[in-house]
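First to last, the sequence lines map onto chains A and B.
Each number in this note's numbering comes from the position in the first sequence (counting from 1) with 10 added on.
Each number in this note's numbering comes from the position in the second sequence (counting from 1) with 10 added on.
Some hints here could point you the wrong way.
Which copy is meant is left open, because identical chains are indistinguishable; a pair holds if it fits in one copy or across any two.
[Unchecked claim] Derived lysine to aspartate or glutamate pairs resembling DMTMM-like cross-links, with alpha carbons at most 25 Å apart:
| # | residue 1 | residue 2 |
| --- | --- | --- |
| 1 | Lys48 | Glu61 |
| 2 | Lys133 | Asp215 |
| 3 | Lys75 | Glu436 |
| 4 | Lys129 | Asp215 |
| 5 | Lys72 | Asp484 |
| 6 | Lys480 | Asp59 |
| 7 | Lys272 | Asp156 |
| 8 | Lys92 | Glu41 |
| 9 | Lys480 | Glu212 |
| 10 | Lys48 | Glu37 |
| 11 | Lys388 | Glu398 |
| 12 | Lys480 | Asp215 |
| 13 | Lys379 | Glu369 |
| 14 | Lys356 | Asp293 |
Calculated directly from the structure, the hints in this document are not laboratory data.
Everything numeric in this text was worked out from a predicted model, so none of it was measured.
There are 2 protein chains.
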Amino acid sequence: MRLLRIFNKKVKFSSIRYYSVVRQGFEYVNEDDVNYFKSVLGERNVITDEEELAIVNTDWLKTMKGSSGVLLQPSCPSEVSKVLSYCNSRRLAVVPQGGNTGLVGGSVPIFDEIVLSTKRLNKILSLDPVTGILSCESGCILEALDNKAAEYDLMMPLDLGAKGSCHIGGNVATNAGGIRLLRYGNLHGSILGLEAVLANGERLDMMTTNKKDNTGYDLKHLFVGSEGTLGIITKVAVQCAQRPNSFHVAFLGLESFENVLKTVQSAKQSLNEILSSCEFMDDESMECVTKNLGLRLPIQRHPFYMLLETSGSSSYHDEEKLNDFLEKSFNSGVILDGTLTGEPSKIKDMWALRERIAEGLLRDGYCYKYDVSVPLSKFYDLVTDMRERLGSSVVRCCGYGHLGDGNLHLNLTGEIFDPDVFALIEPYVYERVGDWKGSISAEHGLGYKKRNYIHLSKSQSAISLMQQLKSLLDPNGILNPYKVLPSFK
Amino acid sequence: MRLLRIFNKKVKFSSIRYYSVVRQGFEYVNEDDVNYFKSVLGERNVITDEEELAIVNTDWLKTMKGSSGVLLQPSCPSEVSKVLSYCNSRRLAVVPQGGNTGLVGGSVPIFDEIVLSTKRLNKILSLDPVTGILSCESGCILEALDNKAAEYDLMMPLDLGAKGSCHIGGNVATNAGGIRLLRYGNLHGSILGLEAVLANGERLDMMTTNKKDNTGYDLKHLFVGSEGTLGIITKVAVQCAQRPNSFHVAFLGLESFENVLKTVQSAKQSLNEILSSCEFMDDESMECVTKNLGLRLPIQRHPFYMLLETSGSSSYHDEEKLNDFLEKSFNSGVILDGTLTGEPSKIKDMWALRERIAEGLLRDGYCYKYDVSVPLSKFYDLVTDMRERLGSSVVRCCGYGHLGDGNLHLNLTGEIFDPDVFALIEPYVYERVGDWKGSISAEHGLGYKKRNYIHLSKSQSAISLMQQLKSLLDPNGILNPYKVLPSFK
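Bound conformation, chain A alone (with noise of 0.2 Å):
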């Protein structure tokens, strides 16, 4: 039995049970697997130096930390199927990584499973300017895609926090949210093609680049969102988007919850196809990056703010969409104060209030992250109820989030980890939101932490046939153990 080390903090992470594991009967590497990835990879792909691996052990919030001897950098997919193959056949446990910037504990070993990192798939393969359709291994880094993309006044569909180090096989392996998600949809819909290869080296052909295909099942959506439990990732096609000429922010006061429900609607009556974003933050987020990182507030401080984005091909059109919105929002008293501004670097500096929210966090000292979805009428009582909960014994209660797409960010800190906090906290949270038929994780996915609590938002006959395919896709099991299924069966 070993239990996870919360080691941010120099803390002693005792009996939170949720967190406990035991390791799976695989083999351990030993001298003679080292060599065959050597003769496969080449000498300086099989990593064993320990600085090295303690990067790769260690998760993007210093949670997790697990203690794997071998990190594997294969440069193409028929290397990955070979090192799978063996892998397979020798009963070794393997974690696959990409930027290793999930929140959940799903890319980093719980034990000593081999790292496979994607970093060096990263060709892209085609880019159709008409069709927007672009292909390339997974390893490519999410921001390199959309750079390549503006060349062509296109756009990557989906944009996030993490994009100057995630990788696109991880964005798909995880179907990754973010800010976009409200324009362009979530991954399912925007991810036309996949190679994936299984647990038996087997290289699993979904690849297309036809934008409409109806033709049998379509595999593809079996490996979004899974988190690299049912195979690893090497290709991908995505529809990108038209890339617009013309971006907008505004950033809103508002006095009530119901007040902030009210200009979601409006919003996205008014401003429709423009609207790109719309965000929410609280008095205590907005509190958190103006002391903890010395940001500045465009508005007078209020208990609520949104922040919209719209972009469009006419800034002219949007900006006079905008004004009439806001206008009438003033006028009626749904908004109390707001600014609006089409100028880059003062809508940067409005973005950074919504994301760095999360730095600000942790300079608290330990931050407890969750990321639900909840019906909108009940989304501000999830912090409310925190709130009251916790009293004195946390630092800060916020709740942020994409708004439009009904997903919080429910923020507790406190100085240093603690695990009675903890367990006022957990599972306590996630019961709540599986009351009101919520999602106990809107965008980051289950991952190691949260596994545990899948039956909260999932059917039992649902968990049951994700297990039976788990089976007939793994059946020894090697591919991210001990994450998104549950340890019980």
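Place chain B on chain A using the hints.
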């Protein structure tokens, strides 16, 4: 061995091997079975009347005729569950049927399969005006749902010619495309939740009204586009789109296909967020609707035509964008002629030119229909190639379709079905599409007619996994047999 009857014209159908099929070893429905169904569904929902059966035994195109002796009309998911559980234990084959508007023989029995109609599963369960999420039973008619959505300024994210009779469950089961896909994406993106009843009667609950939910494998996608072979969809939750206030249609005449492609790209760039359809018709298609249906073209005759639709929140802005775009296109000589309207009745007339082509073609006698995705650079080559190949052996060879999505409808007509002509078309047309890495079915599905060509668009590894999934979910193979998966292993 039984051969498909082509019976809309008196034709002796002899030896086209692709349509031959052997009845699998299912049991035959007997009196006890009928009595059991009556005990579950009530006397009048178990239909054995020959006239009523003739309708459900026949596909919309009247190219296929099954010989089912029983039509079941359950009124709720639990009745579907009871019926399937019974059929599975008795090894009785079942074909689910929605509006029966499919074009590939997917929704009619091939032999004596029981027809299970979803028409009484027609309750709307919820509609949230703020999130725009609608949940309903699977037998709701698409147009009825769209009308309901309209009451809240919302719109169904798909629209197709059959909207007045097709069921949302059938739309989902076939991943139906249509004229709004360019803007709102396919159903994998907009279906949020599902309930499906599996072959053994188990109700697989994948319903959710959360827009975002990353908790485990997203199983619903297995059922989207699986054409009723993995389960019978009983409930759906759909993300509606905001309903635009303003619609405009431009009808354009062009001299070359090269200019058509230039116009696709410039329309996407200039009209970006307001472009909602980008359709293509060749002159033969337009000759067909003018001659066979008496419709009138709004512009002079040209070799190629495009229909562009925009929709947005401001009529004034949209018109300005469209005028700018059209002016530029005329000035550069890319477009030879065109007309633009925002008047509903004129919009309807222009859309009729595109939407009534299928109807017009049937007036020639018999229509050989192909719905393929091809790279845009080859898009029209397929039409000219077939025209050369078939010469005067067909009445008409024309191409039209959802150009913005790379989706060509290639249609050939004759006075009657001619096996020799058919043999010249198939498998040739599919093989060409396969050579170009297109899709042999862009939006219609494989059903019965195309299943044996699946290998031209899907890899062997993918087909083999599909077969494993079918065995896992429907081990007795009772659900919609002879469809989707090839008859060979």
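Going through the hints against the structure:
1. Lys48 <-> Glu61: within (19 Å within a copy, 71 Å between copies)
2. Lys133 <-> Asp215: Answer is within; shortest intra-copy Cα gap is 17 Å, inter-copy 40 Å.
3. Lys75 <-> Glu436: So lysine 75 and glutamate 436 pass the 25 Å test inside one copy only (21 Å; across, 58 Å).
4. Lys129 <-> Asp215: within (20 Å within a copy, 38 Å between copies)
5. Lys72 <-> Asp484: Neither, since 29 Å and 45 Å both go past 25 Å.
6. Lys480 <-> Asp59: Close neither inside one copy (32 Å) nor across copies (46 Å); limit 25 Å.
7. Lys272 <-> Asp156: between (34 Å within a copy, 23 Å between copies)
8. Lys92 <-> Glu41: within (17 Å within a copy, 57 Å between copies)
9. Lys480 <-> Glu212: Both: 15 Å inside a copy, 20 Å across copies.
10. Lys48 <-> Glu37: within (19 Å within a copy, 58 Å between copies)
11. Lys388 <-> Glu398: within (15 Å within a copy, 64 Å between copies)
12. Lys480 <-> Asp215: Close inside one copy (18 Å) and across copies (19 Å); limit 25 Å.
13. Lys379 <-> Glu369: Within one copy, since 12 Å is at most 25 Å while 57 Å is not.
14. Lys356 <-> Asp293: within (20 Å within a copy, 51 Å between copies)
Violated hints, listed in ascending order, are 5, 6; each of the other numbered hints is respected by the structure.
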